[in-house]
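Asker: Please put together the full structure from these sequences, using the hints given.
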Amino acid sequence: GIQVEQSPPDLILQEGANSTLRCNFSDSVNNLQWFHQNPWGQLINLFYIPSGTKQNGRLSATTVATERYSLLYISSSQTTDSGVYFCAAENAGGTSYGKLTFGQGTILTVHP
Amino acid sequence: DTGVSQDPRHKITKRGQNVTFRCDPISEHNRLYWYRQTLGQGPEFLTYFQNEAQLEKSRLLSDRFSAERPKGSFSTLEIQRTEQGDSAMYLCASSSEPRLAGGRDEQFFGPGTRLTVL
Chain H
4 GIQVEQSPPD LILQEGANST LRCNFSDSVN NLQWFHQNPW GQLINLFYIP SGTKQNGRLS
64 ATTVATERYS LLYISSSQTT DSGVYFCAAE NAGGTSYGKL TFGQGTILTV HP
Chain Y
289 DTGVSQDPRH KITKRGQNVT FRCDPISEHN RLYWYRQTLG QGPEFLTYFQ NEAQLEKSRL
349 LSDRFSAERP KGSFSTLEIQ RTEQGDSAMY LCASSSEPRL AGGRDEQFFG PGTRLTVL
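Listed in order, the protein sequences are those of chains H and Y. Add 3 to a position in the first sequence, counting from 1, and you land on the number used in the working numbering. Add 288 to a position in the second sequence, counting from 1, and you land on the number used in the working numbering.
Think of the hints as simulated: they come from the structure by calculation, not from any bench. Because the structure is a prediction, the values reported are computed rather than measured. You can trust all of the hints, since none of them are fake.
Using C-beta positions, here's what the derived DEER-type ranges look like:
(1) H:T112 to Y:T404: 21 to 31 Å
(2) H:W43 to Y:R310: 10 to 20 Å
(3) H:Q45 to Y:L406: 19 to 29 Å
(4) Y:G391 to H:Q6: 17 to 27 Å
Here's a subset of chain Y near chain H, in silico, CB distances under 7 Å, partners left out:
(5) M377
(6) F397
(7) G400
Virtual Cβ for every residue (Gly too), placed ideally from N, Cα, C.
Answerer: The structure is reproduced here in structure tokens:
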């Protein structure tokens, strides 16, 4: 099946700093999503981005499907951005029927 | 739209007991997924339903696990004879088939059920 790798595993920032999280995937994808997992375990949808670039406030994401990677940009970070960020991909073709394979996550800590 | 809901949010049980979790998907979604997340890991796929049909099961889903979606709406996940290794967060997600959603199969997750087996 598809492999999803995220980097860095941990990231510590001062409030106001910018950051880039990376997600590499091993095969072509139908779906790629970025999530933020809050302290209570809820996965919050950030982006549905199998290709192209999207922006939502201080967050933006880019997926280069032909090179099999996606990037999540966080600008002017705030303490509320802290948490775990997951990338998840659905392998194109086959019989995966929408099954998402998650990376190991990036733990982001933003200090005031 | 109230989103995906799961019940209970927390469950503590003794080893050997049976437990059942419920998931109510977003009402217009016909696909429903169960995932399991252990500490420090990303969620892992367990099983998937399209309408009432269970179309895929992970090898992680041992014979002690069974999932149903009898009327194509809510789903239940039962674990029989629980073991300490079953302790995890059980997450449910739902989506529409791409052909019904303009080619988009974005999954939305519920708050999860955290299971602790003593």
